[in-house]
Amino acid sequence: LDGTDKRVDSKLTTKQLRILKETVATWDGIPPVDKFIESDMTKEGKVVTFKFKYMTDDNKQCTVDYSLTIDKEKGVLKKHKFECIQLPEEDFDR
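For what it's worth, this note's numbering labels the leading residue of the sequence shown as 31, then goes sequentially.
Mixed in with the good hints, there may be bad ones.
To be verified - Straight-line alpha carbon distances no greater than 27 Å define the calculated DSSO-like cross-link-like pairs of lysine-lysine that follow:
| # | residue 1 | residue 2 |
| --- | --- | --- |
| 1 | Lys109 | Lys76 |
| 2 | Lys65 | Lys45 |
| 3 | Lys51 | Lys41 |
| 4 | Lys51 | Lys108 |
| 5 | Lys65 | Lys90 |
| 6 | Lys109 | Lys81 |
| 7 | Lys109 | Lys51 |
| 8 | Lys76 | Lys51 |
| 9 | Lys109 | Lys45 |
To be verified - Okay, the calculated beta carbon distance ranges per label pair:
| # | residue 1 | residue 2 | range |
| --- | --- | --- | --- |
| 10 | Glu103 | Asp64 | 36 to 46 Å |
| 11 | Thr93 | Thr56 | 15 to 25 Å |
| 12 | Val38 | Asn89 | 29 to 39 Å |
| 13 | Lys102 | Asp64 | 30 to 40 Å |
| 14 | Asp101 | Thr53 | 28 to 38 Å |
| 15 | Lys104 | Thr53 | 15 to 25 Å |
| 16 | Lys41 | Gly75 | 14 to 24 Å |
| 17 | Gly59 | Leu117 | 12 to 22 Å |
| 18 | Lys45 | His110 | 17 to 27 Å |
| 19 | Lys76 | Leu117 | 28 to 38 Å |
| 20 | Val38 | Glu119 | 38 to 48 Å |
Treat the hints as calculated values from the structure; they're not laboratory data. Where is the CB? At the ideal position from N, CA and C, for every residue including glycine.
Build the full structure now, drawing on both the sequences and the hints.
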């Protein structure tokens with residue numbers, strides 16, 4: 031980060047998605063990632079925010095906001111919030 035407050039949006043790389051999958055696995059109460067649906071990253075000043083949706087292996091869809099605030103004195107402050115909903119089973123008989 032160059033210290034400016036300019037906002038930068040970008041898609042996540044395969045490596046970033048792998049790291050996020052490993053990070054999610056360490057959080058209490060959140061189901062593990064089976065497949066990512068959507069993902070993006072925003073940098074604004076000292077804050078990097080990851081927003082992503084993923085599916086679990088039991089058909090739940092989870093939406094996650096994960097932010098990292100980079101502070102030279104305090105280090106990196108991490109915050110996350112998530113919500114998961116159970117999706118209805120698809121009808122394969124049609």
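For each hint, the structure was consulted:
1. The suggested pairing of Lys109 with Lys76 holds, with an alpha-carbon distance near 14 Å, which does not exceed 27 Å.
2. Taken as a hint, the Lys65 and Lys45 pair is honoured in the structure, with Cα atoms around 14 Å apart against an allowance of 27 Å.
3. Between Lys51 and Lys41 the alpha-carbon distance is near 15 Å, which keeps this suggested pair within the 27 Å criterion.
4. A threshold of 27 Å between alpha carbons decides the hint, and for Lys51 with Lys108 the separation of about 16 Å falls inside it, so the pair holds.
5. At most 27 Å may separate the alpha-carbon atoms for a hinted pair to count; Lys65 and Lys90 meet this at roughly 11 Å.
6. Distance check on the hinted pair: Lys109 and Lys81 sit about 12 Å apart at the alpha-carbon level, within 27 Å; holds.
7. Between Lys109 and Lys51 the alpha-carbon distance is near 16 Å, which keeps this suggested pair within the 27 Å criterion.
8. For the given pair, Lys76 sits about 23 Å from Lys51 by alpha-carbon distance, which is consistent with the 27 Å threshold.
9. A C-alpha spacing of about 21 Å is found between Lys109 and Lys45, which places the hinted pair at or below 27 Å, so the restraint holds.
10. Checked against the given bound of 36 to 46 Å, the beta carbons of Glu103 and Asp64, roughly 39 Å apart, stay inside it.
11. Range check, Thr93 to Thr56: Cβ separation about 18 Å, and the 15 to 25 Å hint holds.
12. At roughly 34 Å, the beta-carbon separation of Val38 and Asn89 lies within the given 29 to 39 Å, and the hint holds.
13. The hint said 30 to 40 Å for the Cβ distance between Lys102 and Asp64, and at roughly 38 Å that hint holds.
14. For the pair Asp101 and Thr53, the supplied restraint of 28 to 38 Å is violated, since their beta-carbon distance comes to about 19 Å.
15. Between Lys104 and Thr53 the Cβ separation comes to about 20 Å, which falls inside the hinted range of 15 to 25 Å.
16. Here the CB-CB span from Lys41 to Gly75 is close to 20 Å, well matched to the stated 14 to 24 Å.
17. One distance hint, 12 to 22 Å for the beta-carbon pair Gly59 and Leu117, holds here, with the actual separation near 19 Å.
18. The beta-carbon spacing between Lys45 and His110, approximately 19 Å, falls within the hinted interval of 17 to 27 Å.
19. Checked against the hint of 28 to 38 Å, the C-beta distance between Lys76 and Leu117 comes to roughly 36 Å, which is consistent with it.
20. For the hinted restraint 38 to 48 Å between Val38 and Glu119, the CB-CB distance of approximately 40 Å keeps it satisfied.
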